[in-house]
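Chemist: Protein sequence lines correspond, in order, to chains A and B. Under this note's numbering, the first residue of the first sequence is numbered 23, with each subsequent residue one higher. Under this note's numbering, the first residue of the second sequence is numbered 23, with each subsequent residue one higher.
Hints listed in this document are in silico derivations from the structure and should not be mistaken for laboratory results. Heads up, some of the hints might be wrong.
Each computed DMTMM-like pair below joins lysine to aspartate or glutamate, with the alpha-carbon atoms no more than 20 Å apart [claimed, not checked]:
1. A:Lys205 / B:Asp49
2. A:Lys384 / B:Glu157
3. A:Lys293 / B:Asp386
4. A:Lys364 / A:Asp338
5. A:Lys162 / B:Glu148
6. B:Lys281 / B:Asp243
7. A:Lys57 / A:Asp180
8. B:Lys293 / B:Asp24
9. B:Lys348 / B:Glu400
10. A:Lys162 / B:Glu43
11. B:Lys162 / A:Glu410
12. B:Lys57 / A:Asp386
13. B:Lys212 / A:Asp116
14. A:Lys155 / B:Glu206
15. B:Lys183 / B:Glu157
16. A:Lys227 / B:Asp24
17. A:Lys342 / B:Asp243
18. A:Lys144 / A:Glu157
19. A:Lys212 / B:Glu148
20. B:Lys366 / B:Glu403
21. B:Lys155 / A:Glu204
22. A:Lys364 / B:Asp365
23. B:Lys162 / B:Glu43
24. B:Lys227 / A:Asp49
25. A:Lys342 / A:Asp386
26. B:Lys162 / A:Asp386
27. B:Lys342 / A:Glu403
28. A:Lys212 / B:Asp98
29. B:Lys282 / B:Asp98
30. A:Lys366 / B:Asp338
31. B:Lys364 / A:Asp338
32. A:Lys384 / B:Asp163
33. B:Lys205 / A:Asp180
34. B:Lys324 / B:Glu353
35. A:Lys144 / A:Asp180
36. B:Lys155 / A:Glu206
There are 2 protein chains.
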Amino acid sequence: MDAGTANEIFLSAIKGMRRSELVSVIDATGRVLAKTMVAPRSVPHYRRSAMDGFAARSVDLIGASTTNPVILQVSDMITEGTCVPLSTGDQVPDEADAVLMIEDTTPIGGMIEVRAQVHPGKNVGEIGEDVRKAEIIFYKDHLLRPCDIAVIASLGVDEVKVYSRPLVAIIPTGNDLLPLEEKEVPPPGKTLDINSLMIGKYVQKWGGIPRYCAIVSENKDIIEKTVTDNLDADMIILSGGTSVGDRDCVPVVLDKLGKKLVHGVGLSPGKPTALGTIDDIPVLCIPGYPAAGLVALFEFGKGAIRKAGSIPYTPDIVVKATLSGKIMSREGYLSYARVILKDKIAHPLMTAGAGILSSIAKSDGFVIIPENVEGYEEGSEVNVVLIE
Amino acid sequence: MDAGTANEIFLSAIKGMRRSELVSVIDATGRVLAKTMVAPRSVPHYRRSAMDGFAARSVDLIGASTTNPVILQVSDMITEGTCVPLSTGDQVPDEADAVLMIEDTTPIGGMIEVRAQVHPGKNVGEIGEDVRKAEIIFYKDHLLRPCDIAVIASLGVDEVKVYSRPLVAIIPTGNDLLPLEEKEVPPPGKTLDINSLMIGKYVQKWGGIPRYCAIVSENKDIIEKTVTDNLDADMIILSGGTSVGDRDCVPVVLDKLGKKLVHGVGLSPGKPTALGTIDDIPVLCIPGYPAAGLVALFEFGKGAIRKAGSIPYTPDIVVKATLSGKIMSREGYLSYARVILKDKIAHPLMTAGAGILSSIAKSDGFVIIPENVEGYEEGSEVNVVLIE
Numbered sequence: 023m024d025a026g027t028a029n030e031i032f033l034s035a036i037k038g039m040r041r042s043e044l045v046s047v048i049d050a051t052g053r054v055l056a057k058t059m060v061a062p063r064s065v066p067h068y069r070r071s072a073m074d075g076f077a078a079r080s081v082d083l084i085g086a087s088t089t090n091p092v093i094l095q096v097s098d099m100i101t102e103g104t105c106v107p108l109s110t111g112d113q114v115p116d117e118a119d120a121v122l123m124i125e126d127t128t129p130i131g132g133m134i135e136v137r138a139q140v141h142p143g144k145n146v147g148e149i150g151e152d153v154r155k156a157e158i159i160f161y162k163d164h165l166l167r168p169c170d171i172a173v174i175a176s177l178g179v180d181e182v183k184v185y186s187r188p189l190v191a192i193i194p195t196g197n198d199l200l201p202l203e204e205k206e207v208p209p210p211g212k213t214l215d216i217n218s219l220m221i222g223k224y225v226q227k228w229g230g231i232p233r234y235c236a237i238v239s240e241n242k243d244i245i246e247k248t249v250t251d252n253l254d255a256d257m258i259i260l261s262g263g264t265s266v267g268d269r270d271c272v273p274v275v276l277d278k279l280g281k282k283l284v285h286g287v288g289l290s291p292g293k294p295t296a297l298g299t300i301d302d303i304p305v306l307c308i309p310g311y312p313a314a315g316l317v318a319l320f321e322f323g324k325g326a327i328r329k330a331g332s333i334p335y336t337p338d339i340v341v342k343a344t345l346s347g348k349i350m351s352r353e354g355y356l357s358y359a360r361v362i363l364k365d366k367i368a369h370p371l372m373t374a375g376a377g378i379l380s381s382i383a384k385s386d387g388f389v390i391i392p393e394n395v396e397g398y399e400e401g402s403e404v405n406v407v408l409i410e
Numbered sequence: 023m024d025a026g027t028a029n030e031i032f033l034s035a036i037k038g039m040r041r042s043e044l045v046s047v048i049d050a051t052g053r054v055l056a057k058t059m060v061a062p063r064s065v066p067h068y069r070r071s072a073m074d075g076f077a078a079r080s081v082d083l084i085g086a087s088t089t090n091p092v093i094l095q096v097s098d099m100i101t102e103g104t105c106v107p108l109s110t111g112d113q114v115p116d117e118a119d120a121v122l123m124i125e126d127t128t129p130i131g132g133m134i135e136v137r138a139q140v141h142p143g144k145n146v147g148e149i150g151e152d153v154r155k156a157e158i159i160f161y162k163d164h165l166l167r168p169c170d171i172a173v174i175a176s177l178g179v180d181e182v183k184v185y186s187r188p189l190v191a192i193i194p195t196g197n198d199l200l201p202l203e204e205k206e207v208p209p210p211g212k213t214l215d216i217n218s219l220m221i222g223k224y225v226q227k228w229g230g231i232p233r234y235c236a237i238v239s240e241n242k243d244i245i246e247k248t249v250t251d252n253l254d255a256d257m258i259i260l261s262g263g264t265s266v267g268d269r270d271c272v273p274v275v276l277d278k279l280g281k282k283l284v285h286g287v288g289l290s291p292g293k294p295t296a297l298g299t300i301d302d303i304p305v306l307c308i309p310g311y312p313a314a315g316l317v318a319l320f321e322f323g324k325g326a327i328r329k330a331g332s333i334p335y336t337p338d339i340v341v342k343a344t345l346s347g348k349i350m351s352r353e354g355y356l357s358y359a360r361v362i363l364k365d366k367i368a369h370p371l372m373t374a375g376a377g378i379l380s381s382i383a384k385s386d387g388f389v390i391i392p393e394n395v396e397g398y399e400e401g402s403e404v405n406v407v408l409i410e
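Isolated chain A (complex conformation):
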């Protein structure tokens, strides 16, 4: 199945987050509002001067100009022919309907000469002009940015209702895997479980909470038990054991416990990816090879975690670059070609052999080649999606 269709099927099977929680506003950056928020106050909450200058009555200044200046008496209250000095942010007296900029006046003893007329409302921020009390400030499902946090806090709100972060259970499978905590060089035939940490750190980055499960051997019963034990999570990611082969039992377990929606996608690397649901919980099975697993995680995991957490989509960071060499796609596959980016030049990374570790460490981004394109020639301008 092509990657686009697989993604559509998978995403449409994922429901949004149903749990929410109250968090302190100052800890709410990156969280998503679970409830539309209305302003508990007006801003400004008083008639506010937008300038340093003098509050006055516009009616007293009709016709004022450089050739025909008007004289006002400086006072501490507004009556006919008086003005009150104030600074930006000060309250404008009720009787005044305008603020004169200091630049348009000249002091003469206890008076000022005014050289410009003003229209009613000039430089006065009326109550609620910026935000009216009870006005909607943010809709439900809004992702809170630092500037939003400040806005909410300034309205006197100290807690907000946000969606709970999606809990993502990460289950590494493989007979040859050892926990990353092992500090000795593993014996021949054994490999450290690099994927769990990689997946977990991306889960965090994308707004979820990782739950690291112990390594599971490639045995259907044990995998089934581990998956069943984690059905309290909002999503499950299994790594390894996804190929069609004797030992590759992860998709079989998915099929038995729930719905296997997709197995095998036109994604290179990442073909043996499987997608499905168990009891409404999305299950993503990615290949055990870290490079392929990373691509499958980017292609399917990011969107799925976002959807499961009701976290709005954020576009990837993409930069334009010129290819320093040809890159080939795998025919009929959505192909992620790894590139090193330097001064707007994208250098294709030749990945000989398994190319597991070094290809991840060395690449800055992916050039993603659609299924119907054979590749790109040297000198082509391409979009590079940065590896975040």
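Mind docking chain B on chain A? Use the hints.
Modeler: Just chain B now, kept in the frame of chain A:
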């Protein structure tokens, strides 16, 4: 001064981070390597099979084909005419130089029929093929992504030397400001200090550590003392008090204590920004109006924090959109026009009056209009920089 020149002058006055610290690999996401890292091990650290299949000697299979299959004896050791079954990731016996894919073989009792010849090295990951011991894995100044963390951990490394995060002192100035903690509606003429929290959350987002200072009134001596007290920080951001006016004493203090490099930039909003250094510490003075302060922070703060922390530049997220209405720039100013983004349409935000709170809360991004461009017509395709 134009914004580009101001930024160049400011950035060239900022030195990189000189302190570093050891952190646990699993906590190092988003940190920057202070030391080039070499691989303490080879990967693979043994001769690794890249396939499920049989280890064999390529010399025994010369000429093998579908019409001329070769028979090998399945064994637990490699000699002439034998093969050893193995799975992906298993160790390949020393005497074998290739691994046959299971798909190219047919079992016949204790033997297999092989229908394809293999070249020496086929499907064998040699020791160090991916990463050679003592090879450079990451250079100094590399920003560690989740996938890098996994790579480093898989090499048995548990601590990395990274630059310390830059400490950024945030000093709010203003006679009308009240701390954000005040829960009551402020009295007329008083405003909650929204800027400190906004600046602090962006400082964190961009890799720094905020130090929130108490509100300082617009008095040169008190500002001077507060700035002096914070010269242990890696950067100082003052908000408010930057206009050229009676009370606007922040730039004056900057000039007295250090070097005022820039005061007043062609940035709209954000004109009264001042930039300088005191004892090699970058000092950024941004306008007190939150919308103007936000623009100044994006234009000057992000790059400065990155430079002070030796954190590599990451491009902004930019999306293309079509304007639903005309936007105008301020002539001769680099203008940040706020827009609401919906389905690839950018709706200009009309910001009447002070437009402080609502304009920030409602906008999704900025269309940045260069100094020499008057604006953009309705229907223009524009780049929208998302507000992060």
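Chemist: Each hint needs a verdict: does it hold in this structure or not?
Modeler: Going down the list of hints, with the structure as the test:
1. A:Lys205 / B:Asp49: It holds: about 17 Å lies between the C-alpha atoms, which stays within 20 Å.
2. A:Lys384 / B:Glu157: holds (12 Å)
3. A:Lys293 / B:Asp386: violated (36 Å)
4. A:Lys364 / A:Asp338: holds (19 Å)
5. A:Lys162 / B:Glu148: Distance of about 54 Å is beyond 20 Å: violated.
6. B:Lys281 / B:Asp243: This hinted pair holds, its Cα atoms lying about 18 Å apart.
7. A:Lys57 / A:Asp180: Given that 20 Å is the threshold and the Cα spacing comes to 15 Å, the pair holds.
8. B:Lys293 / B:Asp24: holds (10 Å)
9. B:Lys348 / B:Glu400: Given pair Lys348 of chain B, Glu400 of chain B holds - Cα atoms ~5 Å apart, limit 20 Å.
10. A:Lys162 / B:Glu43: violated (41 Å)
11. B:Lys162 / A:Glu410: Answer holds: Lys162 of chain B to Glu410 of chain A is near 18 Å, not above 20 Å.
12. B:Lys57 / A:Asp386: holds (19 Å)
13. B:Lys212 / A:Asp116: holds (17 Å)
14. A:Lys155 / B:Glu206: Between Lys155 of chain A and Glu206 of chain B the Cα gap is close to 15 Å, so the pair holds against 20 Å.
15. B:Lys183 / B:Glu157: holds (18 Å)
16. A:Lys227 / B:Asp24: With Cα atoms ~36 Å apart, Lys227 of chain A and Asp24 of chain B exceed 20 Å; violated.
17. A:Lys342 / B:Asp243: violated (50 Å)
18. A:Lys144 / A:Glu157: violated (24 Å)
19. A:Lys212 / B:Glu148: holds (15 Å)
20. B:Lys366 / B:Glu403: holds (10 Å)
21. B:Lys155 / A:Glu204: holds (18 Å)
22. A:Lys364 / B:Asp365: Violated: Lys364 of chain A and Asp365 of chain B sit about 33 Å apart, past 20 Å.
23. B:Lys162 / B:Glu43: Distance ~14 Å between Lys162 of chain B and Glu43 of chain B Cα, so the pair holds.
24. B:Lys227 / A:Asp49: holds (12 Å)
25. A:Lys342 / A:Asp386: holds (13 Å)
26. B:Lys162 / A:Asp386: With a Cα-Cα distance of about 15 Å, the restraint between Lys162 of chain B and Asp386 of chain A holds, given a limit of 20 Å.
27. B:Lys342 / A:Glu403: The given pair, whose Cα atoms are some 17 Å apart, holds under the 20 Å limit.
28. A:Lys212 / B:Asp98: This hinted pair holds, its Cα atoms lying about 19 Å apart.
29. B:Lys282 / B:Asp98: violated (78 Å)
30. A:Lys366 / B:Asp338: holds (15 Å)
31. B:Lys364 / A:Asp338: holds (17 Å)
32. A:Lys384 / B:Asp163: holds (14 Å)
33. B:Lys205 / A:Asp180: Holds, at about 8 Å.
34. B:Lys324 / B:Glu353: violated (25 Å)
35. A:Lys144 / A:Asp180: violated (34 Å)
36. B:Lys155 / A:Glu206: Holds, at about 15 Å.
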